[in-house]
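**Q** Next come the chains, spelled out residue by residue.
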Amino acid sequence: MPDISANAEFEAFYERHWQYVYRLCFSYMHSEADAEDCAEDVFVKVLTGSFTFTDETHERKWLCVTASNLCKDRLGSYGRRNVDSLDAEDAPEVTAPEDVEEDFVDVREAVLSLPPKLKDVVWMYYYDGYPTDEIAAALGRPPSTVRNQLRDARKKLEKTLRNYKP
Amino acid sequence: MSHEGMHMNDNTKDKIHTEIDTEITAEERAAVQETLDSIEPAEGAKERMYANILRKASAQETPIQEAAANASVNRKRSGKVTLLRLTRWALPVAACLVLLIVGAIKLSGHKPSDIIDTQGGDPTDSAFAGGAQQPSGITEYGSSEALKKATGLEVLAPQGSEEVLYCSVGTDIAEVSFTVSGKQYTLRASKRDDDFSGLYGEEINHTVADKENGAVLTALRDEGVTFNKIEWKAGDTNYVLMNTDGAGLNGIMAVYKMVK
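Protein chains in written order, with my numbering: chain A, 2 to 167; chain B, 462 to 721.
Rather than coming from a laboratory, the hints here were simulated on the basis of the structure.
Just so you know, even glycine gets a beta-carbon here, dropped at the ideal spot from N, CA and C.
Check the hints yourself; a few may be wrong.
[To be verified] Within a straight-line C-alpha distance of at most 20 Å, the following computed EDC-like cross-link-like pairs (lysine to aspartate or glutamate) qualify:
id: 1; chain 1: B; residue 1: K517; chain 2: A; residue 2: E10
id: 2; chain 1: A; residue 1: K73; chain 2: A; residue 2: D153
id: 3; chain 1: B; residue 1: K507; chain 2: A; residue 2: E33
id: 4; chain 1: A; residue 1: K73; chain 2: B; residue 2: D671
id: 5; chain 1: A; residue 1: K62; chain 2: B; residue 2: D655
id: 6; chain 1: B; residue 1: K694; chain 2: B; residue 2: D655
id: 7; chain 1: A; residue 1: K46; chain 2: B; residue 2: D498
id: 8; chain 1: A; residue 1: K46; chain 2: A; residue 2: D74
id: 9; chain 1: B; residue 1: K517; chain 2: A; residue 2: E110
id: 10; chain 1: A; residue 1: K160; chain 2: B; residue 2: E673
id: 11; chain 1: A; residue 1: K46; chain 2: B; residue 2: E673
id: 12; chain 1: B; residue 1: K694; chain 2: B; residue 2: D654
id: 13; chain 1: A; residue 1: K160; chain 2: B; residue 2: D671
[Said to hold, decoys possible] Simulated restraints on C-beta separations:
id: 14; chain 1: B; residue 1: D697; chain 2: A; residue 2: S145; range: 16 to 22 Å
id: 15; chain 1: B; residue 1: A487; chain 2: A; residue 2: H59; range: 42 to 48 Å
id: 16; chain 1: A; residue 1: T53; chain 2: B; residue 2: D697; range: 16 to 22 Å
Let the hints inform the model, and build the full structure from the sequences given.
**A** What follows is the structure, encoded as structure tokens:
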């Protein structure tokens, strides 16, 4: 297996995944600066660790789990400070591009407003298309928990998704 | 609940759980994918992030530097309690003095621009000191260069900031105040190791805001108002960035990233 921490390999790895990791981090952090910071830290882990991945799917799963955990840690540490918490008032507004449909904005806001604990399963299931058992294995949760979390997420997204026609 | 009942319950649960895969339609999946794909990184993000990754990784590979940075943070924390006690009474007195002086200047017909040294003069210079340096020790400057010339310390307002004002406090603190997105920030630099922020209040929380830079975020509360400051060290200079009008953690962190 190629050593990802080697420069050329890392550059190719970064090229493959930087947008994915950025988007994932943004979905948690709701801020460009924080998303960039978290995404950078995920790649720093790759660069300074000694990881070997079997294939691109393995890379994506690792990145998704690592980025999600890192973002949740950051959000958690903000919350623990007990001041200026990242509640709806303080969190930066998520703005969509101006030329998009209202329904699309609703879906986007609904997805980005999902609780952090549900976002990793939503990403892996909806975005990456992994079956629930694989998600459960990657996240180290019982399959039933993952399915319950997906069900909760779907309930929260149901209304906006029903109105939206891609 | 009977043993049999529990089994029935588990079976029912399993049945329900396996249905989730068929409940979510391809259309729903496509809609979510589309919205997540619509998250576009800012211009230049790819290159900026890559450069930062290399920088951060490089910093992690020098544990001695990191240990030194942590030691610096610890040193600063240990002196904080005493200084906060001192600032509780000293700073209100200083603030009152400043208000009195500003009032006196206004009453005597001087405009604030009168006391800005747009030529970049040295406050220790007798010609400059004639009217520019206030008794409180706060001297305004027209530019960061002028301030640097006077104090040997460089503080820069971030690009795009507004209402930028450079001044020195005494002879060993350089300060720039500015607004970003309508919120007021103050950045101070000094070679002093004590708390020269000028903020006082009950320290209610502090945490590492930027491990790489050894930056510590402290939340203070005074008379029910909460405000934040971030302190860090670069070389032999200590910096503190402050906000007191409710910019929130995201706000001050975003500005910190611009000025660090």
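**Q** Work down the list of hints and note, for each, if the structure agrees.
**A** Results for each hint:
no., hint, result
1, B/K517 - A/E10, "18 Å, holds"
2, A/K73 - A/D153, "18 Å, holds"
3, B/K507 - A/E33, "12 Å, holds"
4, A/K73 - B/D671, "16 Å, holds"
5, A/K62 - B/D655, "47 Å, violated"
6, B/K694 - B/D655, "12 Å, holds"
7, A/K46 - B/D498, "24 Å, violated"
8, A/K46 - A/D74, "15 Å, holds"
9, B/K517 - A/E110, "32 Å, violated"
10, A/K160 - B/E673, "43 Å, violated"
11, A/K46 - B/E673, "14 Å, holds"
12, B/K694 - B/D654, "10 Å, holds"
13, A/K160 - B/D671, "39 Å, violated"
14, B/D697 - A/S145: 16 to 22 Å, "57 Å, violated"
15, B/A487 - A/H59: 42 to 48 Å, "25 Å, violated"
16, A/T53 - B/D697: 16 to 22 Å, "42 Å, violated"
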